[in-house]
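Trainee: Each chain, letter by letter, is given below.
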Amino acid sequence: MISTFFINPFSQEAKQIVKAKGDLNKIIEEDERLINIIEYTSGQRLDDDSKIPGSLWELSIKRIEWYLEKKGHRRYQPGYYRFLFNSQIAKFDVITFHILAQAIGAKFNPNSRESRIFIESEGEIVKERLLRVEHQVRDDIISKILNELLDSEKPHWIQLEKLLENRRIKLTELILKDGKAILDKSAPKRIQQIINSIRENIIPALIMQKTQEYLYKVNEMAAKIEPHPILVELANEIQKRISREFFIPKKTKPGTIKASKLDFDAFPPCIKNTIKGVKAGNRNDAIVLLLTSFISYARLYPAVFKERKPHKVSDFDPTLNITLNEILPLIYEAADNCEPPLFQDDPQEKLNITAKLGFGLHETPRLENEGESKWYTPMSCEKIKIHLPILCKPDNLCEKIQNPLTYYNRKRWQKRKEEGDRDIPRSNSRR
Amino acid sequence: MFQEATAEDRRKYYTMEWKIERIPDFIRESIHLREFGFDHTGQGPNDRYRFFRDEKFLTKFMKYRAPYAAYSSVALYDRPWKREGWRSSELVFDVDAKDIPVRQCKCDNVCEKCLDQAKEIVAMIIDTLEDDLGLREIHVIYSGRGYHIRVLDPIILKSDSEVRSQILKYVIGGDIPRFSYTDFEGRVRSLDHFMVPLGYPRVFTERSRYIILHLNGDEKIEDITRQTMNKILEYRDLIGADRWGEFRDIIGPRVYERLIKGIAKLNLQLVDARVTVDLKRILRLPSSLHSKVSMICTHVEDLESFDPLRDAVPDFVKEKS
Ligand SMILES: [Zn+2]
Numbered sequence: 001m002i003s004t005f006f007i008n009p010f011s012q013e014a015k016q017i018v019k020a021k022g023d024l025n026k027i028i029e030e031d032e033r034l035i036n037i038i039e040y041t042s043g044q045r046l047d048d049d050s051k052i053p054g055s056l057w058e059l060s061i062k063r064i065e066w067y068l069e070k071k072g073h074r075r076y077q078p079g080y081y082r083f084l085f086n087s088q089i090a091k092f093d094v095i096t097f098h099i100l101a102q103a104i105g106a107k108f109n110p111n112s113r114e115s116r117i118f119i120e121s122e123g124e125i126v127k128e129r130l131l132r133v134e135h136q137v138r139d140d141i142i143s144k145i146l147n148e149l150l151d152s153e154k155p156h157w158i159q160l161e162k163l164l165e166n167r168r169i170k171l172t173e174l175i176l177k178d179g180k181a182i183l184d185k186s187a188p189k190r191i192q193q194i195i196n197s198i199r200e201n202i203i204p205a206l207i208m209q210k211t212q213e214y215l216y217k218v219n220e221m222a223a224k225i226e227p228h229p230i231l232v233e234l235a236n237e238i239q240k241r242i243s244r245e246f247f248i249p250k251k252t253k254p255g256t257i258k259a260s261k262l263d264f265d266a267f268p269p270c271i272k273n274t275i276k277g278v279k280a281g282n283r284n285d286a287i288v289l290l291l292t293s294f295i296s297y298a299r300l301y302p303a304v305f306k307e308r309k310p311h312k313v314s315d316f317d318p319t320l321n322i323t324l325n326e327i328l329p330l331i332y333e334a335a336d337n338c339e340p341p342l343f344q345d346d347p348q349e350k351l352n353i354t355a356k357l358g359f360g361l362h363e364t365p366r367l368e369n370e371g372e373s374k375w376y377t378p379m380s381c382e383k384i385k386i387h388l389p390i391l392c393k394p395d396n397l398c399e400k401i402q403n404p405l406t407y408y409n410r411k412r413w414q415k416r417k418e419e420g421d422r423d424i425p426r427s428n429s430r431r
Numbered sequence: 001m002f003q004e005a006t007a008e009d010r011r012k013y014y015t016m017e018w019k020i021e022r023i024p025d026f027i028r029e030s031i032h033l034r035e036f037g038f039d040h041t042g043q044g045p046n047d048r049y050r051f052f053r054d055e056k057f058l059t060k061f062m063k064y065r066a067p068y069a070a071y072s073s074v075a076l077y078d079r080p081w082k083r084e085g086w087r088s089s090e091l092v093f094d095v096d097a098k099d100i101p102v103r104q105c106k107c108d109n110v111c112e113k114c115l116d117q118a119k120e121i122v123a124m125i126i127d128t129l130e131d132d133l134g135l136r137e138i139h140v141i142y143s144g145r146g147y148h149i150r151v152l153d154p155i156i157l158k159s160d161s162e163v164r165s166q167i168l169k170y171v172i173g174g175d176i177p178r179f180s181y182t183d184f185e186g187r188v189r190s191l192d193h194f195m196v197p198l199g200y201p202r203v204f205t206e207r208s209r210y211i212i213l214h215l216n217g218d219e220k221i222e223d224i225t226r227q228t229m230n231k232i233l234e235y236r237d238l239i240g241a242d243r244w245g246e247f248r249d250i251i252g253p254r255v256y257e258r259l260i261k262g263i264a265k266l267n268l269q270l271v272d273a274r275v276t277v278d279l280k281r282i283l284r285l286p287s288s289l290h291s292k293v294s295m296i297c298t299h300v301e302d303l304e305s306f307d308p309l310r311d312a313v314p315d316f317v318k319e320k321s
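Residue numbers (UniProt numbering), protein chains in the order written: chain A, 1 to 431; chain B, 1 to 321.
Do not rely on the hints blindly, as some may be mistaken.
[What the hints assert, rightly or not] No more than 30 Å apart at the CA atoms, straight line, and that leaves these computed lysine-lysine pairs for BS3-like: (1) B/LYS82 to A/LYS162; (2) A/LYS356 to B/LYS63; (3) B/LYS265 to A/LYS309; (4) B/LYS82 to A/LYS170.
Calculated directly from the structure, the hints in this document are not laboratory data.
The shape of chain B in the complex, shown without the other chains (with noise of 0.2 Å):
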């Protein structure tokens, strides 16, 4: 498992495995409009700027060319072939198992228990687009190495960069809540992130919490010595027990700021914020095989029930073991 593949299992893959309709059909419709990249060498996409005018094309370039690695944008493009007429962009968002800041595997690629740890990251996310942004039309593909979240709802696909570095934000965690208010003596109070039980600021807490209760002990946060992460560590059956106040009150006010200042901080690495703000970004296809770890990025119709040690593992690579 997750071993590089050889020149010969890529065209084992693409002419015995691979069907054009593993491609999802988000992108089978508008293959025409899409750019297209590939990796011939594993030494990263250089071949840009590929276009297919349809199926036919496409299928037959991946059968014969077998590459390294696939690509297409998330952009659909008037003129595709020269990255020109932008029509629109996909929202997404790319969760990569071996960058997952609270790591419970220590592997050095990546293994099951950090891909699973991915997949829980996942469906946070996809339940705050949906029950907060009220977004439809979620797609997930499984990349080989995590996870891609794409987002085709209509009212997105023509956002620009700093509206979807905010949604980032919303999602994942990355500002600390401050809501305050001026009571009636004129007096600004303000609420705690855990005493709001809606909107972003629970957001904010379900993401440190699960930041707090995967932590190793060994993540650099900032301005957090080693002792207060003992105490944190001592201490966080508190929160999975949703005692915030407690805690707080346990390791100190202020030292609680500076841990909530540190975790805002962990919870932007969940998700690498460059793929979200590109809007001319390409991605992984799905269908193609990412030869580095011989898995294949596949659609995931049920994020619950998919496996990608059963799901995306290729022929090839069953024969093997």
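Chain A on its own, in the form it takes in the complex (with noise of 0.2 Å):
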């Protein structure tokens, strides 16, 4: 039977491990048992040694890696990873857990890409390892680790409040007797194997929880105590492999307006503004009205009002991977830049923000929610100089225009025509 600490790396057992093994000055060493697990994993391909880790600290990589491949759908090769389901590199696995958790909650604020990215494998790595798990053993498992989580099978949904704030699961996905869900085996033998699947799918939520609360703590005492270089280094080696995964070629074809990164450069004076922070006042509505339409619309679809069409979010981007990954942070960090930061004394306007991007009053974006709201779009100079007249500082190109996006449509195609035909681009646009 496999250990509950290869799913559950937060177990009594899974500490111990990592309180055991977990000497830092040792993982960037080969470790010879753990090339041989994965050389004899079955379904293993062999053929590419890049592929292979040998320590701990490539183990570790290789973990963000397969999910970062898995989500872009390009290039994903199940074969390469067959070892991070082969519960026999368990022991290694909870350990390069942790090691990623410290590294990743050391250098980046829990709400960070990188620090999302993190908690989202994680969670998939747990499924994924659940649905493997052998049927005969499976409720055994699944029990044990429920109890390592909970403390019961019983639970007051309330004991799941953190789930639900954070839309891990909905309330109505639960089942629900006098304040308790039931994930036990009481219910009804016909209503048993819907209870089933509710205990598969809690698992790989509660573990999320479990991480993010403790990229919170790790963040928490990075700011006290310097963390190893070595944390430090294998940060910054996960936050090249991200930033590499999310790079879009910045040129596209001249006189086209079409969804690409964003250029900073190209903003104009009130969006900068924004940015570097709002005093209270006008904190609010710079954040959730100007800046929340400006950018979603300058990043997915800056022709909007050329065009007039109205669009979804997901029309540009359908699984929300550019929202949740470049959009949102972006956001965040100017509401965090606020005097005072905004969200410390209004939670609520995250919920106000995914409003705003179409995904009705919630915390953030899903794709069930779309249309519960409208996409706004961004408002026109004119309102801008009512309602937010501190930001706007106009400069010579503004005079010609009555809309920011108008105006980093125009900046663009204007820095792209400087460029000219210095270095023409070829077919490199990704989307």
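Since each chain sits alone in its own frame, please combine them into the complex, following the hints.
Mentor: Set out below in structure tokens:
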């Protein structure tokens, strides 16, 4: 039978392993046993050495790389990652989980793209591992893990409040009775299979939540105690991998307005001022109304005022990958730069931001909620002058346009013209 | 009945009839922690951020100003005059009789019929709050045009908007239940909502039954044609008799899927969602006069026996009739 710590890195057993074997000075050393296990993993492709991690350091990176490639769909070859689901690597794996959490938590804000990708990757790994647990022991393993994570197979739903807050599960996906979520075997036979599937869905959600809380703790600690240099180095390496994944060639064909990576230099003064941070009073409108619509349209649909077609965010970003990993982090960062930080005394504004993107009043955008509200187009310069006068510091180009988005398009077009024939881009647009 | 109150009516009400004791204890105990808001002209609560140290100050204000409408916050604050130092917020559901998506009466304001419907909906929501979510300390206020459900159970007082929005969807049936599992042969199977007799699927089934049985036929349901609507009305007795499977077979599984989607959306309109997710809302103050309809906003002790037309009518209206 597999050990629960292959799925739950927060179990007592997992903690003991990390304590005993998690020596940071040794994580870059090659480990024959690890390589051995990987080579004997069934279905594992062995034709490319760079795909086989030889140390805990490399295994950490492979964990993230697997997720990025799987989500990116391109070049994803499951055969290279079979070892991640071989329970024999459990002891190595649980250490890499904690190393990663320490590295990412120390270097990045818990709401950053890097943190979120790590949390999501852990959720995916857990899901896949659960799927592979053999039938005969499945119920036992799941019961054990639930007891490790919740102390009960019949928790009060309020114990799951954090999962609801972060939308890792929905209340309507649970079976509740007298305030308790039924996750045990007490349900009538006819619906036991449904309960089984709830049991399986809630485990990755719980582990993602715990991972997030863990990152918060590490992040707080890192502010007081200098993290081990090797962790910083690992965090840098992870960051490199992630930004490589999100890299989109800067230059697109001249003359067209297409969705492409944001060009900060082309932002109009009001937007630049918003990103720097806004004082209370104008703060909420600047972030929720102005910045949210500007950034989302600039990134996904800069031609909105030209074409005037009522689009949804998912028309341009079907998986919400860009929205969650590029657009929102930027808006949240600007919110953090405010005086005082926007979400600190108005946590509700997160919901309003989601609503302005067209996903209703929710903490984060989800495809299933799209359409509950409208995707707001950026307000006009005239409106900005009335409602947010302190942000409007017009330059020469401003005088010729009526909307910050038009400014952005015009400026990018100008910039491209200036760069001009020096290097004509060939077919390098990915989207 | 339901006429707008004059300034004279208001004066009469607040000097002769209104008493601080009519404000329920859960508010009286925390007057100094709540923000108060007033509408003096009938144009909305523009006079906000009001603070009263105790009952005496509030009483004086009410008697002297005889406001068109009075409100207090669902939140408790350390500094209510600035809406700062948030401590907690009641969980609130606002059922407005004139916004019920399947109104039987078609009146243009409110009437006995739609107020009754609102009461039925309130009773259903309270059952779910108690039986499924295990919540206690639930108060009902007749607002003048419908009902407010105010939950003071300590376990949810600090919950954020997202959690409240999820509770809302649960109690009104705003999500289509999607319960599936993988069987022994690895096939994904799903159970229809009406096949699961407990938890959220049952709530959804009950709310949907209410909607379908109360359809007038002229409601717009997304992707449902006139013709289908007629068929639904023709066969809805099956649903009344809990024979959902037969009903679905008659209208066809694909149409049924569309119908269920449309109903989930109608369910969402049973309650004003904005009120539930807003932690800083102000709600009509129980005991105050709803001047637009000349009814008293009233703390309901016993929902079943409560009759707004008997229990929430001010003296000046009784005298007139
Ligand atoms: Zn009516």
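Trainee: Which of the listed hints are broken here?
Mentor: The structure breaks hints 2, 4; every other hint is satisfied.
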